[in-house]
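Whenever a hint applies, use it, and build me the whole structure from the sequences.
As you go down the protein sequences, you meet chains A and B in turn.
Under my numbering, the first residue of the first sequence carries the number 22, and numbering increases by one thereafter.
Under my numbering, the first residue of the second sequence carries the number 237, and numbering increases by one thereafter.
Because the hints were derived from the structure by calculation, they are not lab data.
Mixed in with the good hints, there may be bad ones.
[Claimed, not checked] Heads up, incomplete: computed chain A residues facing chain B, CB under 8 Å, no partners named: (1) H50; (2) Q54; (3) L55; (4) T247; (5) R288; (6) T289; (7) A290; (8) K311; (9) G312; (10) V313; (11) F335; (12) R361.
In this text, all values refer to a predicted model and were calculated from it rather than measured experimentally.
We put the CB at the ideal spot given by N, CA and C, even for glycine.
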Amino acid sequence: MGNKTPLFQCHVDAGAKIVDFGGWDMPLHYGSQLEEHHVVRNSAGAFDVSHMTVVDVGGADAKIFLQALLANDVARLKEEGKALYSAMLNDEGGVVDDLITYYLGPDRYRVVVNASTRDKDLAWINAQARAFNVEIEERSNLAMIAVQGPTARELAADILDPAWREAALALRPFFGLEAGDWFIARTGYTGEDGWEIMLPSEEAAEFWENCSRAGIQPIGLGARDTLRLEAGLNLYGSDMDESVSPLEAGMGWTIAWEPEDRKFVGRTALETMRENSQRQKFSGLLLEGKGVLRDHMRVVVGGRADGEITSGGFSPTLQRSIAMARLPAGDYDSAKVDVRGRLLDVRVVKLPFVRNGKTKIEL
Amino acid sequence: MSELPGDLKFTKEHEWLRQEEDGTVTIGITDHAQSALGDLVYVELPEVGQEVEAGGEMAVVESVKAASDVYAPIAGEVVAVNEGLADDPEKINGDAYGDGWIVRMRPSNDDAETLTPDEYQEFLDELEE
Numbered sequence: 022m023g024n025k026t027p028l029f030q031c032h033v034d035a036g037a038k039i040v041d042f043g044g045w046d047m048p049l050h051y052g053s054q055l056e057e058h059h060v061v062r063n064s065a066g067a068f069d070v071s072h073m074t075v076v077d078v079g080g081a082d083a084k085i086f087l088q089a090l091l092a093n094d095v096a097r098l099k100e101e102g103k104a105l106y107s108a109m110l111n112d113e114g115g116v117v118d119d120l121i122t123y124y125l126g127p128d129r130y131r132v133v134v135n136a137s138t139r140d141k142d143l144a145w146i147n148a149q150a151r152a153f154n155v156e157i158e159e160r161s162n163l164a165m166i167a168v169q170g171p172t173a174r175e176l177a178a179d180i181l182d183p184a185w186r187e188a189a190l191a192l193r194p195f196f197g198l199e200a201g202d203w204f205i206a207r208t209g210y211t212g213e214d215g216w217e218i219m220l221p222s223e224e225a226a227e228f229w230e231n232c233s234r235a236g237i238q239p240i241g242l243g244a245r246d247t248l249r250l251e252a253g254l255n256l257y258g259s260d261m262d263e264s265v266s267p268l269e270a271g272m273g274w275t276i277a278w279e280p281e282d283r284k285f286v287g288r289t290a291l292e293t294m295r296e297n298s299q300r301q302k303f304s305g306l307l308l309e310g311k312g313v314l315r316d317h318m319r320v321v322v323g324g325r326a327d328g329e330i331t332s333g334g335f336s337p338t339l340q341r342s343i344a345m346a347r348l349p350a351g352d353y354d355s356a357k358v359d360v361r362g363r364l365l366d367v368r369v370v371k372l373p374f375v376r377n378g379k380t381k382i383e384l
Numbered sequence: 237m238s239e240l241p242g243d244l245k246f247t248k249e250h251e252w253l254r255q256e257e258d259g260t261v262t263i264g265i266t267d268h269a270q271s272a273l274g275d276l277v278y279v280e281l282p283e284v285g286q287e288v289e290a291g292g293e294m295a296v297v298e299s300v301k302a303a304s305d306v307y308a309p310i311a312g313e314v315v316a317v318n319e320g321l322a323d324d325p326e327k328i329n330g331d332a333y334g335d336g337w338i339v340r341m342r343p344s345n346d347d348a349e350t351l352t353p354d355e356y357q358e359f360l361d362e363l364e365e
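In structure tokens:
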């Protein structure tokens, strides 16, 4: 038996198929993963993401500590509530984890890391923190519910404490708001508009039931994966890990090279890699015919070394198979994938496939 | 889970077989199998006329989660495939024992090892434990 979120019983009562997810018993779907996917693209769905790890970083050195810890630069967070996506690297430039940092106020930040990497992340963060005057506090008392989809904010606003409703609706994308002991952020992992809401564990079940009543349907982690794949959003452990640099995982845009004198963990290694013109690139693949692309399938590009699919699956929105892949350097727009012994044609496309309900590539 | 149709035979690989009056055998995957796989998104079918061996790969069903081989429970010749699955693989999720059939075969012998509905139900109950 794995760890359980405060919503575990809600999922069981709703008939969810429960699976192990990084040591947590989580809902895969509540009946149909495909239908749940479409619900989020077309209206509104709610995800239990309470298994994710919330860490508050405070103290006089909080800013300079995070500037040293992360490849992106928290100095970019000038307005309170602003969020920043970043990689946390090891000395070799490999990705220890990807995370979001919210700037709560002077000397106060909130960092959200992945569930499956909790133990090593906390160990890494605490080890790096030794030279700084900071307090690191895991907020395991917080549950997290993501409401996502074109009507999610509108529907969820009605069930928020009226005191925070207006401010929550006024949030710009990638901003969050401390609402008493709740935290509401206009962020997500689906490619749709919505909020990620952190709230005290003991209040989670009530809010979850209210979401359902408001017409925000429960969505399992199965659909979360196909939604993020369509949105071209990386999954830690599939698209990157400690052996992969952000430069080869489509995360180059998250590295703050300037100012040049900001020393962050992994910088020296990254600078060397940046000079290598033969380093792999990270792209989307669209299967031209029928079949399904899967993780780890071999990508064959004429006259070059092989590439590999890092995340593959079926896109319910496109009704085609899509993938994200690490590919040999160079300019080309087609390749072949070894699908169970047969070489099938794929088109190499720019990510994302889908954003805000709209298909971003030509079919 | 729904009750197992009494006119079918089953295998431990979660396939079902129906003996047709013309001597052919219709084959599909069980309701338990489709439920475990999740929503199906693609089915790779054999060619009509293809000879398959018992235990040989006969079809591939791909769900949102993974690809799974469907092995031929009997040896014989494929005489029909369910073309409707090409555009609508979810037929298997919706009606595993009816519209979701996969192939029809003419058996080359009849020494298939199959389970009765009661035996298959017992087998499922053991899996659950």
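Hint check:
The interface hint given for H50 (chain A) holds, since its Cβ lies 7 Å from the closest Cβ of chain B, which is under the 8 Å cut-off. A least Cβ separation of about 5 Å between Q54 (chain A) and chain B falls short of the 8 Å threshold, and the interface hint therefore holds. For L55 (chain A), the interface hint holds, since its Cβ comes within 8 Å of a Cβ in chain B; the closest pair sits about 4 Å apart. For T247 (chain A), the suggested interface contact is upheld, since its CB lies about 7 Å from the closest CB of chain B, less than 8 Å.
A distance limit of 8 Å between C-beta atoms decides the matter here; for R288 (chain A) the minimum to chain B is near 39 Å, and the interface restraint is violated. Because the smallest distance between the Cβ of T289 (chain A) and any Cβ of chain B comes to about 40 Å, over 8 Å, the interface hint for this residue is violated. Look at A290 (chain A): its Cβ only gets to about 35 Å from chain B, farther than 8 Å, so that hint breaks. Restraint check, K311 (chain A) versus chain B: the minimum CB separation of about 6 Å is within 8 Å; hint holds.
A least Cβ separation of about 6 Å between G312 (chain A) and chain B falls short of the 8 Å threshold, and the interface hint therefore holds. With a cut of 8 Å, the hint placing V313 (chain A) at the interface with chain B holds, because the nearest CB-to-CB distance is about 4 Å. For F335 (chain A), the suggested interface contact is upheld, since its CB lies about 4 Å from the closest CB of chain B, less than 8 Å. Interface hint at R361 (chain A): satisfied, since its Cβ lies 7 Å from the closest Cβ of chain B, which is below the 8 Å cut-off.
Going through the hint list in order, the structure does not satisfy hints 5, 6 and 7.
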